[in-house]
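4 protein chains.
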Amino acid sequence: MPLPVKHRAALVKEFGKPLVVEEIPTPEPRDRQVLIKVVGAGICHTDVHVWKGDWSVAGIPPKLPFILSHEVVGTIAAKGDKVPDDLKEGRNVLVYAWQWSRDDVYVAKGLTQLSEYPAHMAIVADGGMQEYYLVSDYRFLVSVDGLEDLPAVAPLACAGLTTYRAVKRILSHLEPDDYVAVIGLGGLGSYAIQWIRALAPYVNLIGVAGRDESLEFASRIVKLDATVNTSKVDPAKAIMEITKGRGLKAVVDTVGTETTIMVYTSLLTKMGVHMIVGMIGGEAKISPLLPFIVNERILTGSIVGSLGEQIDVVTAAKRGMVNYRAVVTRRLKLEEVTEGLEALEKRRALGRQVVVL
Amino acid sequence: MPLPVKHRAALVKEFGKPLVVEEIPTPEPRDRQVLIKVVGAGICHTDVHVWKGDWSVAGIPPKLPFILSHEVVGTIAAKGDKVPDDLKEGRNVLVYAWQWSRDDVYVAKGLTQLSEYPAHMAIVADGGMQEYYLVSDYRFLVSVDGLEDLPAVAPLACAGLTTYRAVKRILSHLEPDDYVAVIGLGGLGSYAIQWIRALAPYVNLIGVAGRDESLEFASRIVKLDATVNTSKVDPAKAIMEITKGRGLKAVVDTVGTETTIMVYTSLLTKMGVHMIVGMIGGEAKISPLLPFIVNERILTGSIVGSLGEQIDVVTAAKRGMVNYRAVVTRRLKLEEVTEGLEALEKRRALGRQVVVL
Amino acid sequence: MPLPVKHRAALVKEFGKPLVVEEIPTPEPRDRQVLIKVVGAGICHTDVHVWKGDWSVAGIPPKLPFILSHEVVGTIAAKGDKVPDDLKEGRNVLVYAWQWSRDDVYVAKGLTQLSEYPAHMAIVADGGMQEYYLVSDYRFLVSVDGLEDLPAVAPLACAGLTTYRAVKRILSHLEPDDYVAVIGLGGLGSYAIQWIRALAPYVNLIGVAGRDESLEFASRIVKLDATVNTSKVDPAKAIMEITKGRGLKAVVDTVGTETTIMVYTSLLTKMGVHMIVGMIGGEAKISPLLPFIVNERILTGSIVGSLGEQIDVVTAAKRGMVNYRAVVTRRLKLEEVTEGLEALEKRRALGRQVVVL
Amino acid sequence: MPLPVKHRAALVKEFGKPLVVEEIPTPEPRDRQVLIKVVGAGICHTDVHVWKGDWSVAGIPPKLPFILSHEVVGTIAAKGDKVPDDLKEGRNVLVYAWQWSRDDVYVAKGLTQLSEYPAHMAIVADGGMQEYYLVSDYRFLVSVDGLEDLPAVAPLACAGLTTYRAVKRILSHLEPDDYVAVIGLGGLGSYAIQWIRALAPYVNLIGVAGRDESLEFASRIVKLDATVNTSKVDPAKAIMEITKGRGLKAVVDTVGTETTIMVYTSLLTKMGVHMIVGMIGGEAKISPLLPFIVNERILTGSIVGSLGEQIDVVTAAKRGMVNYRAVVTRRLKLEEVTEGLEALEKRRALGRQVVVL
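Chains as they are written, first to last, in our numbering: chain X, 1 to 357; chain G, 1 to 357; chain D, 1 to 357; chain Y, 1 to 357.
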């Protein structure tokens, strides 16, 4: 397949302004590099932050114009001479987004997402909101052969992965009949509920969101044992009723505001854990502190996931443990990315929006 | 040995007022009960709270007059007819303080301190600041035969136990050459540094306190790799210098104020853990939250310890893993308990004060 | 309810000879004791060993006549004056069989089944194959209110518990799409497959047995991904075909002969675990040893379970995680115990046989 | 520094015959490759097996002539253009021996030693018994700057690493005052005792060997609580006396014969673990099996270690946690490798022999 000289990309040229679709040079892969023909690119809440320039003081993104999306799936279009034979042109692959530029002790120990040499897509390096994406090393590719509806696979790279790691990290806390709440039922939340059902089917699962549409959307993906609409009822009171006064063994908090942290850490049982998921700002407060200590509660955060976990996530999807197609609610063209970003920013979106190329 | 009809006890008759030493009836042990001739009773910071009535709104203590001290060591004076033969009169025993009145699932799983039927000494039940103390069940006794200087053994029941559990819970996080800070070097802190040295000799240990005397006292017990006097230097800056910018893998925080939690959670490395130890009030704040999440830091609390851990603590003391004698800085008479409470309240005390009977 | 002076019990009077049903005195419960009106008593393979005198050289049972069955369910008939009020007469309870006579460090740590003071039912103390059974302490009772078909609940005390612990112990090894084999599909095996499905639904489950009836019986309880009839095919070859050459991540071996251990340890993947379940004699052999080491395989055994695990097992049954009724294939009268023992000995039984009183 | 065109290497030309020192071409490093000027190369028992052709049926080594040694330390002599700047010529590095040729899920998860694409030195690829060694990727290098006596550092790559992993894997089993035995006090054993002392100073350490010289040698490196000379006393009896009947919580078995496995698995306490270390052949037997199961004992093996563990091992050595110099008992020239192999084969060697170049 002859490669083009140029290809189209959606560029952030100015913070908060509509993205511009332009042609940029198509690189030729060398050595261990692989060129991907992008098929699907998800829009994550992080993309909104980067687009708006919320993190520009922290040097994110490092330059403009910048290309968004760290949820990228596609087919191998070309490759360098050190890429193994079995990674043939035409194979479907998911791109591991939390790449690194040099191996260090974190990489050696399998905590690749914590590398001191991060090359995270759409954060410090260009992402995949473009027709072709150059992967720096074939080891960042995970084969998704056998998964249908390729564009819908993209969110496994962030929404799927991040919640998998978060749920794995609370798993050792969960015992039969415990109560677990997922706060926020957007892209992350709609995967979180699926992982809990798949990995700990023996707990009672409570979905918490501020809109009935979100609760209904989530309920169509998995059976929720209870739902709480925080715009209609006092969540603390509702949770204590649902749990018959026992409280929550774990909270997967995809919202992570000062309010959610204060409310839900106070609803934890003994040795309960509040897990904040995603790159969330603001601050956290626990008050009063005494019951937090006396009950040995835990507050922690989880950030994306490792390459090893990404492989497991794809295996799980192949096994049907999660319904990745149900998470995707809207498919956009490259020209419509700005629209998708705005819908997400204004909390009008459900599940995940994916750009199909 | 004939038992007395009455024995002396230091009673809290009014919150915050001097304790009154009075004679009270000496009970006769029945069934599984054991009467202990108290030899040493430690004064813990919790005793100050109970004495002052700080927790009276929470029903602690349940009534006045009340008897303080949950750090009790002594000899078996008499016992009920269902107590095994080998628990002979005259044997030296430590009393497990975090007793319970009925077995439940927490007890069944070895988390005795979390029982839903707590009978915690000097919190909801009378403590051991008296000449004789009646133990409701012989299973709450741990043999300390072979340990010298019996009164000095008492603090193993709270200061020693609480920090043992806390250090055990951070142990899986610690790797060679990591940095660990202990905040506060009083009764709890002077045990915490010893457990870290004994269980994780391969980490760098930093002692943090607000007084030079405390730092010197701690340094006489174990070798500290570095010390920080928070009344003289900016602790955050000092810690980053000591750790060469790496930060702390773990913090054992025996102070637990809003300030210590905010400062030290921000100094943690990736996957670092901030462990609050002891029954501490107030509130906690983490700000900014983003680095806490992105680095997957952990905030949690630890409360006293289980009966199984109490047995391990005594075993460790017998092995010489901790110098329990060095922690005791002052020995008081029963008439001097008020003096000891005041010294602790006004932060004039070092290590632990023990009442010798 | 007036208690009888005498009640009927099935007695082992001579090793291997038919049991004799006789009247024996009904004890009156005192202090913490509870008298149970037995409703169901399961027949375990261990009962066959004890009945035959296989372990008499080891002092098991300690005397004749002896009463079998450690799977006992019933209702509270009477109780001592130190038993809490809520344990009312008429309540349905399962008896924890792996009792102890004195608390020690194992009990304190929640490993009750490993106590140095064992009072295991039908091993060193009389069991429940009788109309009334005296429980020495109310803490050995687990409420089963709400569970239907009371006699069928009995096997939760051994078959259900033993396999729960075994499966929990392999759980941290299991990842999505791994292969797990259960060897032997009798009483233990038919619970083991259920726990794997309930706790790790994301693995591929292989049932292995020597009879088609057993494989069919198991397949009616849960969906097996594959079955192997060892009397018809070479199990090693069959397993490698089923797993597409990958091998097994875990084996739950309820047979535990020299053959099963040698065959299945050699079929393990890297870091795979072979878990022998139940009180099994003989010896084990691993040959050749090199692949066992190079792949860091694990061989271990699991024995019954703790009181904490027993509580979890009942919670799980209440939640419907296991179909305990499906395991019971035959209900016998007290006069028919010998028949049941013989059926089990001659491997004619399926699932579990329960004596209904 | 101009590189030579040729350099000397000790070649295995015929199995079991004396090695031949010959000049071979010196390769030029490209891309991510690094050329190491070898300073020290350890002789491991595995080298004896490879040299004798013991594993030739398994394709080890893959061809003749073959170069031994997977314990290689040296300085950077030259490097490819993709090697980072800070890896400068002249820096001292240890070579991670358990290399791989392609990343897979094991590598992604930090279990590099278990990669399905092994390129293990001196097993399937040439080792470092030569003046220059070409490392295929700079990520296999661990900086040892600051460690004195460079040749003595070499055994950290196998003897040090293998035992570190093994001891780490038993660590969660060990509690204060437990007994741990190290069987065999050669190269592996003399590191194993050091890791136990460094990581679990709170256990009682028993050294077991068949020669007094070995026991004395080990006793000079660390304080052993007890020693057993198996050629003079019955080890089972001796161990039970030393442990006052309690038995061993863990065994680190560097010998791994049918005898050691049978004897020491039978001496384990409840939940005790027998860890076989190193690439050991033969077979294993457990007899009788019942106490193994009833006490939930564990038999497993450990194989070399991961790259992450190698980094930790070097950190530990820098911290002084192990005395790596004391392990090296003999320094040989390249011409004397055969002598070293023979000494090891005939069990005349103590600790580790290192070839100094």
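If you are wondering where the hints come from, they were derived from the structure by calculation, not from laboratory data.
Please note that the accuracy of each hint is not assured.
Each pair may be met inside one copy or between any two copies, as identical chains are not told apart.
To be verified - Mimicking DSSO-like on lysine-lysine, the simulated pairs with C-alpha atoms at most 27 angstroms apart in a straight line are:
#: 1; residue 1: Lys237; residue 2: Lys285
#: 2; residue 1: Lys223; residue 2: Lys168
#: 3; residue 1: Lys285; residue 2: Lys37
#: 4; residue 1: Lys37; residue 2: Lys346
#: 5; residue 1: Lys270; residue 2: Lys285
#: 6; residue 1: Lys63; residue 2: Lys52
#: 7; residue 1: Lys63; residue 2: Lys88
#: 8; residue 1: Lys346; residue 2: Lys52
#: 9; residue 1: Lys168; residue 2: Lys318
#: 10; residue 1: Lys318; residue 2: Lys237
#: 11; residue 1: Lys223; residue 2: Lys318
#: 12; residue 1: Lys318; residue 2: Lys63
#: 13; residue 1: Lys168; residue 2: Lys346
#: 14; residue 1: Lys82; residue 2: Lys232
#: 15; residue 1: Lys318; residue 2: Lys6
#: 16; residue 1: Lys223; residue 2: Lys63
#: 17; residue 1: Lys52; residue 2: Lys82
#: 18; residue 1: Lys17; residue 2: Lys6
#: 19; residue 1: Lys88; residue 2: Lys318
#: 20; residue 1: Lys6; residue 2: Lys223
#: 21; residue 1: Lys37; residue 2: Lys168
#: 22; residue 1: Lys13; residue 2: Lys223
#: 23; residue 1: Lys318; residue 2: Lys244
Taking the hints in turn, this is what the structure says about them:
Within a single copy, Lys237 and Lys285 get their C-alpha atoms as close as 20 angstroms, and across copies as close as 24 angstroms, so both meet the 27 angstroms cut-off. Taking the closest pair of Cα atoms, Lys223 and Lys168 come within 27 angstroms of each other both inside a single copy (20 angstroms) and across two copies (25 angstroms). Proximity of Lys285 and Lys37 under a CA criterion of 27 angstroms is satisfied in neither setting, with 45 angstroms inside one chain copy and 46 angstroms between copies. Taking identical chains as interchangeable, the C-alpha atoms of Lys37 and Lys346 are never at most 27 angstroms apart, the minima being 31 angstroms within one chain and 61 angstroms between chains.
Proximity of Lys270 to Lys285 under the C-alpha cut-off of 27 angstroms is found in both arrangements, the shortest distances being 19 angstroms within a copy and 21 angstroms between copies. Proximity of Lys63 and Lys52 under a CA criterion of 27 angstroms is satisfied intra-copy only: 13 angstroms inside one chain copy versus 60 angstroms between copies. Taking CA atoms no more than 27 angstroms apart as the test, Lys63 paired with Lys88 passes in neither setting, with 33 angstroms inside one copy and 31 angstroms between copies. For a Cα distance limit of 27 angstroms, the shortest separation of Lys346 from Lys52 inside one copy, 13 angstroms, qualifies, whereas the shortest one across copies, 52 angstroms, does not.
For the identical chains of this complex, Lys168 and Lys318 are neighbours both inside a copy (18 angstroms) and across copies (25 angstroms), given an alpha-carbon limit of 27 angstroms. For the homomeric pair Lys318 and Lys237, the shortest alpha-carbon distance between copies (26 angstroms) is at most 27 angstroms, but the shortest distance inside one copy (39 angstroms) is not. Within a single copy, Lys223 and Lys318 get their C-alpha atoms as close as 21 angstroms, and across copies as close as 19 angstroms, so both meet the 27 angstroms cut-off. Within a single copy, Lys318 and Lys63 get their C-alpha atoms no closer than 37 angstroms, and across copies no closer than 41 angstroms, so neither meets the 27 angstroms cut-off.
For the identical chains of this complex, Lys168 and Lys346 are neighbours neither inside a copy (30 angstroms) nor across copies (45 angstroms), given an alpha-carbon limit of 27 angstroms. In this homomeric assembly, Lys82 and Lys232 never come within 27 angstroms of each other (Cα to Cα): the closest approach is 58 angstroms inside a single copy and 48 angstroms across copies. In this assembly of identical chains, the alpha carbons of Lys318 and Lys6 never lie at most 27 angstroms apart, being 34 angstroms within a copy and 52 angstroms across copies at closest. Taking the closest pair of Cα atoms, Lys223 and Lys63 never come within 27 angstroms of each other, the shortest separation being 44 angstroms inside a single copy and 49 angstroms across copies.
Proximity of Lys52 to Lys82 under the C-alpha cut-off of 27 angstroms is found in neither arrangement, the shortest distances being 39 angstroms within a copy and 36 angstroms between copies. When the C-alpha separation of Lys17 and Lys6 is checked against a cutoff of 27 angstroms, the pair qualifies only within one copy, where the shortest distance is 24 angstroms, while the shortest distance between copies is 63 angstroms. Taking the shortest Cα distances, Lys88 and Lys318 sit within 27 angstroms of each other inside one copy (20 angstroms), while across copies they are farther apart (45 angstroms). In this assembly of identical chains, the alpha carbons of Lys6 and Lys223 never lie at most 27 angstroms apart, being 47 angstroms within a copy and 53 angstroms across copies at closest.
In this homomeric assembly, Lys37 and Lys168 never come within 27 angstroms of each other (Cα to Cα): the closest approach is 32 angstroms inside a single copy and 44 angstroms across copies. In this assembly of identical chains, Lys13 and Lys223 lie within 27 angstroms of each other by CA distance neither inside one copy nor across copies; the values are 43 angstroms within and 55 angstroms between. Proximity of Lys318 to Lys244 under the C-alpha cut-off of 27 angstroms is restricted to the inter-copy arrangement: shortest distance 16 angstroms between copies versus 37 angstroms within a copy.
Violation of the numbered hints given earlier is confined to hints 3, 4, 7, 12, 13, 14, 15, 16, 17, 20, 21 and 22; the remaining hints are satisfied by the structure.
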